[in-house]
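*Asks:* Position chain B with the ligands against the provided structure of chain A, taking the given hints into account.
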Amino acid sequence: MTRPLLQLAGMSVELSAGPSRVDIVSDVDLELNRGERLGIVGESGSGKSMTALAVMGLLPERMRVRGELSFDGRNLAGLPEAEYCRYRGRRVAMIFQEPMTALNPVKSIGAQIAEGRRLHLGETRADAETKARALLDRVGLPAPRFDLDLYPHQLSGGQRQRVMIAMAIACEPDLLIADEPTTALDVTVQAQILDLLDDLIEDTGTALLLITHDLGVVSEMTDRIAVMYAGRIIETGRTDDVFARMAHPYARGLFAASPHGAALARRQAGEARPRLNAIPGIVPDPFARPPYCSFAERCSFAEPDCRRAIPPLDLINTDGNVQHRAACFHPRARMVAP
Amino acid sequence: MSEVILKTTDLVREYQMPRPSIFSKQASLRVLHGVSVELAAGQSLGIVGESGSGKSTLARAVMGLERPQSGRVNIAGNDIYALNGADLREARKGFQAIFQDPYGSLDPRHTVRTIISEPVVSLERGIDAAARNRRIAEVLEAVGLPLASADKYPHEFSGGQRQRIAIARALITRPALIVADEPVSALDVSIQAQVLNLMMDLQEKLGLSYLFISHDLGVVRAITDRVAVMHLGRIVEEGPTGAVFDNPRHPYTQALVAAVPKPFSGRRKRVRSDAPPQTPVHTATTVTGCAYAAVCPVRQEICLTQTPIAKPVTPTWSARCHFA
Ligand SMILES: Nc1ncnc2c1ncn2[C@@H]1O[C@H](COP(=O)(O)OP(=O)(O)OP(=O)(O)O)[C@@H](O)[C@H]1O
Ligand SMILES: Nc1ncnc2c1ncn2[C@@H]1O[C@H](COP(=O)(O)OP(=O)(O)OP(=O)(O)O)[C@@H](O)[C@H]1O
Ligand code: SF4
Ligand code: SF4
Ligand SMILES: [Mg+2]
Ligand SMILES: [Mg+2]
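Chains A and B, in that order, give the protein sequences.
Sequential numbering from 1 applies to the first sequence in the numbering used here.
Sequential numbering from 1001 applies to the second sequence in the numbering used here.
Don't read these hints as lab results, they were simulated from the structure.
Just so we're clear, the structure is a prediction, and the values are computed from it rather than from any experiment.
Each residue gets a CB set at the ideal place from its N, CA and C atoms; glycine is no exception.
It cannot be assumed that every hint is accurate.
As the list claims (entries may be wrong) - Pairs of lysine to aspartate or glutamate, EDC-like flavour, derived with a Cα cap of 20 Å:
1. B:K1262 x A:E14
2. B:K1262 x A:D240
3. B:K1262 x A:E303
To be verified - Per label pair, the in silico range of CB-to-CB distance:
4. B:G1144 x A:A9: 39 to 47 Å
5. B:L1304 x A:A134: 26 to 34 Å
6. A:Y292 x B:L1088: 50 to 58 Å
Next comes chain A alone, as it looks inside the complex (with noise of 0.2 Å):
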């Protein structure tokens, strides 16, 4: 039995803050294969970014990573930085969610996504532009119009957020890591870039980790799911097989507020406008987690014995060879599609 690419067992994410210590992540157990694709979704502030920055080796200051964290069969917890280098951008790329924190503003974007191809790949400049010219394309950004010397502040949202994603794709990376890819933009221009994706899964067999809120995009996107709430996977399987089940009522939850939903329903003139099913209650500040379910405040099925352990993640069904679980005792049964 070969290795997966990347595999988090028991990995959580601690941040010191003075003399106190909180996980932001807790206990999370991944497995990625070469060609797969995993989607994560849930709650801002859930763990998410936090979860993939781990595996760039790019926490903030103050959280260090517990557990394993291996990529390629090589423990990357506690590697080197220098060595961290030699992964990041090559084998190991990654889309970030914020594109103004993470294009630098005073370099131009040709020179920007050539720099990967020159430091990793040893590519002449006249290469690495040229390739950097091809992605631009690609990412529905032509040339004249979108010179390789233009800066981001002479971008649009979504062209920066495109820029990203042409140097995140530029060293056709092992594993991309894909956090909120599309939120800025347009579903046609949207449609462009997750075929991109599709292309580079398809012909270099690249692993996807795709996080997105859009339960759309994830579910044409990807093969298996796991959904975050409160530090934790609280729900993982099949992607379908989630979507048609949702066993854990945070997940149910998430789904009925989408406004792909009941909001959409034709409203008459003169009544008021309807309003979005929202969760109703907040999410646990990660320094006041409960000892138990942390969903228990706002969820609507708890019983008694949801306030005295924290649910693990426990197995309810197996289709094929991948495993569905969920962190509920009383996970929802009936499901909620064909």
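*Replies:* Chain B with the ligands only, in chain A's frame:
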């Protein structure tokens, strides 16, 4: 017909591009080609469209931040680019903006109190401390944050709460118009629902009007009355949101509606092509013919020679296509 709160007339905005060499003429890029929109008081107008089509540029022009080369912006009857300093400050109280990024748009070094009172401090210079504190309490209550939030810093809040702070700041001058550029796209769907519900509550309670920019057609459908679809600096279709999305008349709107990914639809099916996608781009000035023609699936001869004008579909709905 109710009163018009916002009216833009033939806005043209051009950006100067870097010149390729010192001997060549400086090139300019026209990103708004005469944009006219109208928003009735108490209503919401959604702006959707291609990435790079000029939505944020339109928002900045409406906010008085970037003077258009020609055209007018009228807010509550004032031509805002014709006002002098004092009058503009007075008028500025009537319209405020919320921007996309809940992390970047709040200064981390300041308390929430300082952040949300900034517009009153700069626009209503005479206001005394007691009155200012009353306003702060009023807007915090309106957005559902405890009063104690005022003395905390932005990093102590989650993404959704930060966006509430941004809304509180936009409300503090008691504006009639709010320009919101992708206000919920950084939020997960449950927090997004909370923020949208709040915006709808405030609209009903305070009679606010929203100019609401978003890429999420579901969100636009949930919160707006009318929608304008932008493509390459032109409004190509405009009408009642539900009608336009259910039965789009312009080929670009049709492509947009068809491209929305749907949950439960399973893995995407696509035709593979090795050619890079065709992307029409902004040009220096006006083009002859339809700007969408390069990629339009139903293009005819006439589309290359005659520029389409906005044709009425119904009295309240129009599309800029020869065959709409
Ligand atoms: N630099 C930091 N110092 C301390 N805490 C932080 C820092 N950055 C993030 N956090 C906290 O870590 C938690 C997880 O954040 P993370 O960015 O991973 O969330 P996320 O799931 O990506 O959310 P979103 O969907 O909003 O992007 C949050 O509670 C956040 O407040
Ligand atoms: N300072 C600038 N100099 C040159 N061109 C610019 C500048 N700012 C914006 N542009 C161009 O103007 C066009 C319109 O930009 P704008 O930001 O309004 O787009 P948008 O519709 O908001 O797009 P997005 O959905 O991607 O945010 C884009 O093609 C962009 O490249
Ligand atoms: S364990 Fe209990 S409180 Fe937690 S999600 Fe399940 S039913 Fe709700
Ligand atoms: S005018 Fe012609 S090219 Fe333009 S959208 Fe209509 S059919 Fe297509
Ligand atoms: Mg994140
Ligand atoms: Mg924009």
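*Asks:* Do G1144 of chain B and A9 of chain A keep their Cβ atoms within the hinted range of 39 to 47 Å?
*Replies:* holds (40 Å)
*Asks:* Between the alpha carbons of K1262 of chain B and E303 of chain A, is the straight-line distance 20 Å or under?
*Replies:* The hint is violated at about 34 Å.
*Asks:* Hey, K1262 of chain B versus E14 of chain A, does the alpha-carbon distance stay inside 20 Å?
*Replies:* Measuring from Cα to Cα gives roughly 36 Å; hence the hint is violated.
*Asks:* Per the hint of 50 to 58 Å, is the separation of the Cβ atoms of Y292 of chain A and L1088 of chain B within bounds?
*Replies:* Given a distance of about 56 Å, which is inside 50 to 58 Å, the answer is holds.
*Asks:* For the hint 26 to 34 Å, verify it against the beta carbon of L1304 of chain B and that of A134 of chain A.
*Replies:* Between L1304 of chain B and A134 of chain A, where Cβ atoms are some 29 Å apart, the hint holds.
*Asks:* Compare the distance between the alpha carbons of K1262 of chain B and D240 of chain A with 20 Å, and conclude whether the hinted pair is satisfied.
*Replies:* Holds - the C-alpha atoms of D240 of chain A and K1262 of chain B are around 12 Å apart, at most 20 Å.
Going through the hint list in order, the structure does not satisfy hints 1, 3.
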